[in-house]
Every structure is written in C-alpha cells, then in structure tokens.
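Peer 1: Each chain, written out:
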Amino acid sequence: AQTVTQSQPEMSVQEAETVTLSCTYDTSESDYYLFWYKQPPSRQMILVIRQEAYKQQNATENRFSVNFQKAAKSFSLKISDSQLGDAAMYFCALINAGGTSYGKLTFGQGTILTVHP
Amino acid sequence: GAVVSQHPSWVICKSGTSVKIECRSLDFQATTMFWYRQFPKQSLMLMATSNEGSKATYEQGVEKDKFLINHASLTLSTLTVTSAHPEDSSFYICSADARSSYEQYFGPGTRLTVT
Numbered sequence: 002a003q004t005v006t007q008s009q010p011e012m013s014v015q016e017a018e019t020v021t022l023s024c025t026y027d028t029s030e031s032d033y034y035l036f037w038y039k040q041p042p043s044r045q046m047i048l049v050i051r052q053e054a055y056k057q058q059n060a061t062e063n064r065f066s067v068n069f070q071k072a073a074k075s076f077s078l079k080i081s082d083s084q085l086g087d088a089a090m091y092f093c094a095l096i097n098a099g100g101t102s103y104g105k106l107t108f109g110q111g112t113i114l115t116v117h118p
Numbered sequence: 007g008a009v010v011s012q013h014p015s016w017v018i019c020k021s022g023t024s025v026k027i028e029c030r031s032l033d034f035q036a037t038t039m040f041w042y043r044q045f046p047k048q049s050l051m052l053m054a055t056s057n058e059g060s061k062a063t064y065e066q067g068v069e070k071d072k073f074l075i076n077h078a079s080l081t082l083s084t085l086t087v088t089s090a091h092p093e094d095s096s097f098y099i100c101s102a103d104a105r106s107s108y109e110q111y112f113g114p115g116t117r118l119t120v121t
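Here the protein sequences come in this chain order: A and B. Going from the first sequence to the working numbering is simple: count from 1 and add 1. Going from the second sequence to the working numbering is simple: count from 1 and add 6.
Derived from the structure by calculation, the hints contain no laboratory data. All figures in this text were calculated on a predicted structure; none of them were measured in a lab. Hints are supplied without guarantee of correctness; some may be wrong.
[Said to hold, decoys possible] Label-pair distances were calculated between CB atoms; the ranges are: (1) 55/A - 24/B: 44 to 52 Å; (2) 28/B - 59/A: 32 to 40 Å; (3) 114/B - 62/A: 20 to 28 Å; (4) 45/B - 81/A: 30 to 38 Å; (5) 21/B - 85/A: 36 to 44 Å; (6) 47/B - 81/A: 21 to 29 Å; (7) 24/B - 86/A: 34 to 42 Å; (8) 114/B - 72/A: 33 to 41 Å; (9) 24/B - 45/A: 25 to 33 Å.
Where a beta carbon is used, it is the ideal one built from N, C-alpha and C, also for glycine.
Take the sequences, apply the hints, and build the full model.
Peer 2: See the structure below:
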C-alpha cells in the first residue's frame, strides 16, 4: 500500500515571503503521479500543481513550484511571494498509475498554512 | 475546466432518517467517481469507488449497508446515508475521474449534520 506523509501540521509565512511545505511518500509502483491540493475555508479542493513521476523536471505553476526528489521519495511545495489568499490547508497526494490501488488518491495529513500580513 | 457539483451543500436530518447526496459531473463523463469523508482539520478519507453501471467498491471499515452508493449514469453518483446517527455527521466530498490525466475533479462538498 502507498503512504503519503506531511510532517508539518501547521506553517506560517509573512506576506510576500517564501514558504516550503514538506511531503514524503512511499509506493511500490514505478509509474505514479503526485499532486498538491489546496483546501481554503470554503473547503473546495483546488489542484495547485501536479508532477508525473517519469518526468525529472520539477513542475512549476506561477508562484508554486515543487522539488521532486524521486530517489528520496520527497515532494515539497514552494510558494513564492506568498499572498493572503494562499492561506489554506494543503494536501500532498499520490495516485498510482497501475497496481491494485490504480486510480485511487492517497492523501497526506495536511498542512495548515497561515499567511500574516 | 471540468466541473463537479454536489447537492445539497448542507443538510440537517434527524437521527434514524436517511439522506441522499448527489454528485454530478457537469461538463464531462466520469466513468469513476469517488466518495470521501472529512472531519474538521483532518485529511480526506476515501470511503468508496463508484463505477458507472457496477457495484461500488468500499474501503475497509466502511459499512456498505449504511453508505449506499449508486452510479446510475456517467454523470451522476449518489451517496445515501441510511439510518443516520450523530456520529455520521461529517463533510462528504465526491470527486470524478476524467481519465485524461489521473487528475480527480472535486465537488464542493456536503456538510451533513445529524441531530
């Protein structure tokens, strides 16, 4: 079975600063996808960024970027120029592209991000 | 982008009654839909996987007779909480698999309160 671990229950950052959220995972599959989702107070899950395991290049979406270390099974999210609207709970998640758990998202415990003005 | 709706967004019911939650994919066909449960400040817990035209697959520990799932069409899945009790109070979220990128599209969630 696959696991996703977020070891930071809460993080805080000053507006306009940079913050990094940590995530480690474990899976026996060689083909998988990794995601960061944001859940604001509205509780609507919003996809922030995705990474295909077979791609060595780190994914980037505007102010959001990841540091994907496949050998270390690490997938951290960096938020640059933090904004008040970035305040939310962030979830790291993994989907296996094969195996018995094919298509099922496994979530980490989540990290609550607070942005201070 | 792909949109998933849920109805109702908030429901209050009395203990012992049943309540149905609908999940619809509005602009795409979803072969597979997923139902999650989330407690405050906690992660999403997968309850079941719903495939159109077949029986849902429940995760270990989820009572299939309490949480009835029906996926009657490629755009609609329903979750019925039967004989609800206060401990069933939670936030229920559905998602749909668009099959194009392993990405799941999430509904806005339904808050269930059982009194």
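Peer 1: Quick check: which numbered hints come out false for this structure?
Peer 2: Every hint satisfied by this model.
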